[in-house]
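Trainee: Take the given structure of chain A and dock chain B to it, following the hints.
Residue numbers (our numbering), protein chains in the order written: chain A, 1 to 453; chain B, 1001 to 1462.
Please note that a few of the clues may not be correct.
[To be verified] Stretches of chain B that chain A covers, calculated by requiring three or more beta carbons in the stretch to come under 8 Å of a beta carbon on chain A:
no.: 1; stretch: 1023-1029
no.: 2; stretch: 1319-1327
no.: 3; stretch: 1376-1388
Since the hints were made in silico from the structure, they are not lab data.
Quantities reported herein were computed from a predicted structural model and do not represent experimental measurements.
Just so you know, even glycine gets a beta-carbon here, dropped at the ideal spot from N, CA and C.
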Amino acid sequence: MRVLMLGWEFPPHISGGLGTACLGLTRGLAKVGVDVTFVVPKAFGDEDRGATRILGCNEVPVEVDDEDDGTRGPAAAGAARRRVVAVDSALLPYLSAEQYAARLAALEREAADEERATAPPPAPAPVENPDKARRVSVAKRPLSFAGFYGPDLMAEVERYAKVVEQVARTEAFDVVHAHDWMTYPAAIRAARASGKPLVVHVHACEYDRSGEHVNPAIVAIERAGLEAADRVVAVSHFTAGIVARRYGVPAAKLRVVHNAVTRREQREGWHVEKPAGAPVVLFLGRVTFQKGPVYFLEAAARVVRVMPHVRFVMSGSGDMLPAMVERAAAMGLARHVRFTGFLAGADVERMFALADLYVMPSVSEPFGISPLEAMAQDVPVIVSRQSGVAEVLTSALKVDFWDVADLANKIVAVLRRPALREALTTGGRVEVEGMRWEARAAQLAALYDEVAA
Amino acid sequence: MSAPAFRTAVVPYFQVHQPFRLRRYTYFDIGVDGRWFDDAENERIVRRVAERCYVPTNALLRRLVDETEGRFRCAFSVSGTAIEQMERWAPDALEGFVALARTGCVEVLGETSHHSLAFLADDAEFRAQVADQAARVERVFGRRPTAFRNTELVIDEHVARTVEDLGFVALLGEGSDGLLGWRSPARVYGVEGCERLRLLLRHYRLSDDIAFRFSNRAWDQWPLTAEKFARSLAALPADDVVVNLFMDYETFGEHQWKETGIFDFLHAMPGAVLADPRFAFRTPTEVATAAAPSARLPIPHPISWADAERDLGAWLGNAMQRAANLALYALLPVVRQSGRADLHAAWRRLSTSDHLYYMFTKRTSDGDVHEHFSPYATPHDAFIAFMNVLDDLEQRAAAAVADATVAAAPPASRVVATATPAPAPARAPDHLARPMPPPPVAPTPGAATPSTRSRRRVPRGG
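This is chain A alone, in the form it adopts within the complex (with noise of 0.2 Å):
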């Protein structure tokens, strides 16, 4: 089984819960026979990985990386490969419009300060050197052509679809499997040229992100790809529902794969001295309307008046960030709320190290793998009932979001009741345990069996 991958590449810590299960997905699918081309959006270079190759696809520069990374077993060895295909994209998983605009503004005057850095080699580069600073160099060079197509994400969503389009041509697979609305349109061109099934991976849907506040263009894009796929994949049952009620797929079309949990091999990593009496309640995530921050601040309010020593931190970065700082100062509580701004890498594991409890007010969650993290690093989280991660959580504590006097009220209790705690982190580490992605790759392959045949 050969499968087509259109989805997004991420050292897990740093983006959310997107890439850290397209990365996971694609070890399972390695590790249970499936071979897997995986074709990312790239807007940075990535001077990490070692890159072997690099093809030319017409004038687009597509960087592929032969991937061994050991996992396979010794009777898998030949039999599933996992090759990285990277496109050089402006496109991120959680861009809207006019961050899209800002960041390509931004990453264009690096290119530009580079090309005035390096040798000016001619536009159209050839591949027979690829070197590092001829690597990086290539990948930046079609955002100064990107303009082109005009700043728009829109646009680059289509440019994006037209690169996997070539990519597909010239690549063998059975499947195409497309993660979220950007590889859409992609996957559709790349399914329709080929005549390969197509599998479209709900992760989050216009709605979960953004509420009743739809942006239409982006829902008419979801709903094509969910409309040409032959089946959808949904990371939740609760997912399901709303892919089921927003856009009409049909039952017999749609599969729950929920996410799992890739384990960390270094987790003694990050001894923190906790200051004494004074426990940490944590939000970690975007702070978007999608996540509930003002659920968490309106639980903190009411906590600190009956236990006036927790801190509350919000971790993380989005729209409503200013909203979120001038509001904790409203309701007096900056002496009890600390905002970090975005973390990423080894800073998530020391902030999930300080903290006492996890929680995940999202309003609307179709999976996410935070909470699953959280307690892989032993920390007791409470999660929301509208999330998919309730869905498989039982050493969990689940309250509704708008719920804020329920969410206050097992703060305390966990905060408070040392049994709860330790019931809590017990029992969540031997569920995140059991949840491997080998397991939910299994079901993925066995999906792609159905389609193909």
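Mentor: Coordinates of chain B only, in the frame set by chain A:
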């Protein structure tokens, strides 16, 4: 031994219990709201169970006693909390039980008044609850109990010695493989360290054929008919002296719905059994006083009728349950010291084992059984509400103690009441929820699947 006149006693015993379920009591209610119990929900459930199970089954058993001219006999244990709920909300059901007891064919057993695990933690409280229940049974059903059934059928040597000391002649227990080894549950036993007490052990295979497997279509004996059941009895070894069929009364109409044919089965079963002259129905005290014990069993560790393990894991298996139980009994001295009968009565409602049972977290096939019968969405929610209520009770009891201390020279009677942790008076003031007006009738929003009560046993073997 195997004389032709030999008869095997068939002893049906049915457990009737309802707990006082708690509201979703939050941390922010502590010190503010004294309404701990969900009266609306408790009323709704006891009425439903009365309608589906208690009332029709009582009527059926009453008919069976008449139709067999008193040859059908059985036993009940009705927890004090169930009696109290029926007095308040389902008097028709209680009347049915009283009518059955008056036939003289139905024995009412003793237990703790609040279906508690007091024997584990506090001997004085255990004895007080047993005495309280004995008085209640005498008041309601007209006879003091002589046979004893501990909460969830838990037995060990300590329980056995205590109830013998309290004057009981029979103790009911689980015929667990761990206890019996090669021995048969179809004998009458004594207990190590006891003189007169007789032990009657549940025949779990035949009991669970009715209580658990009756409607299971995957079971190779489905459908179970009275005749088939009688044939199972007839197939027992000829020298078996007693077959103890112990089960929840809610088996009839609640766990096994009417549509499964459970009432038809119950109606036909006594006649089918009595068709073989080898068998006769007896009550526990009748068996205990007629038979000599075949052996004295050592019971060093508590054995229950719960789950496959037959231990206390369903109530005290995890950290939350142990912490909750510890906190509950740590509070008892303060509650006694407060001298407030209403607070002690409230404490006793919290001692009902169901509250611990709702905190059970084991995820096995048994876990499903527990979840289904819990009013909470998760075991953690059960723990949170319970601990909050304990905190509120503690504050109230401590305040009462402080008041008593401030009132420098209390009247003599008060001093006596606080100094001795005496057993509660025969008629403990039950109506502890009274100090506050009843809660609004609106049901708790977002309430999870309501529980009729905890269902415990999981069948094993054929």
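Trainee: If a hint holds in the structure, say so; if it does not, say that too.
Mentor: So, going through the hints one by one against the coordinates:
1. Here the stretch 1023-1029 of chain B counts 4 residues with a CB under 8 Å from a CB of chain A, which clears the bar of 3, and the coverage holds.
2. Counting residues of the stretch 1319-1327 of chain B whose beta-carbon sits less than 8 Å from any beta-carbon of chain A gives 5, enough to reach three: the coverage restraint holds.
3. Counting residues of the stretch 1376-1388 of chain B whose beta carbon lies closer than 8 Å to any beta carbon of chain A gives 9, which reaches the threshold of three, so the coverage claim holds.
When the structure is compared with the earlier hints, no violation turns up for any of them.
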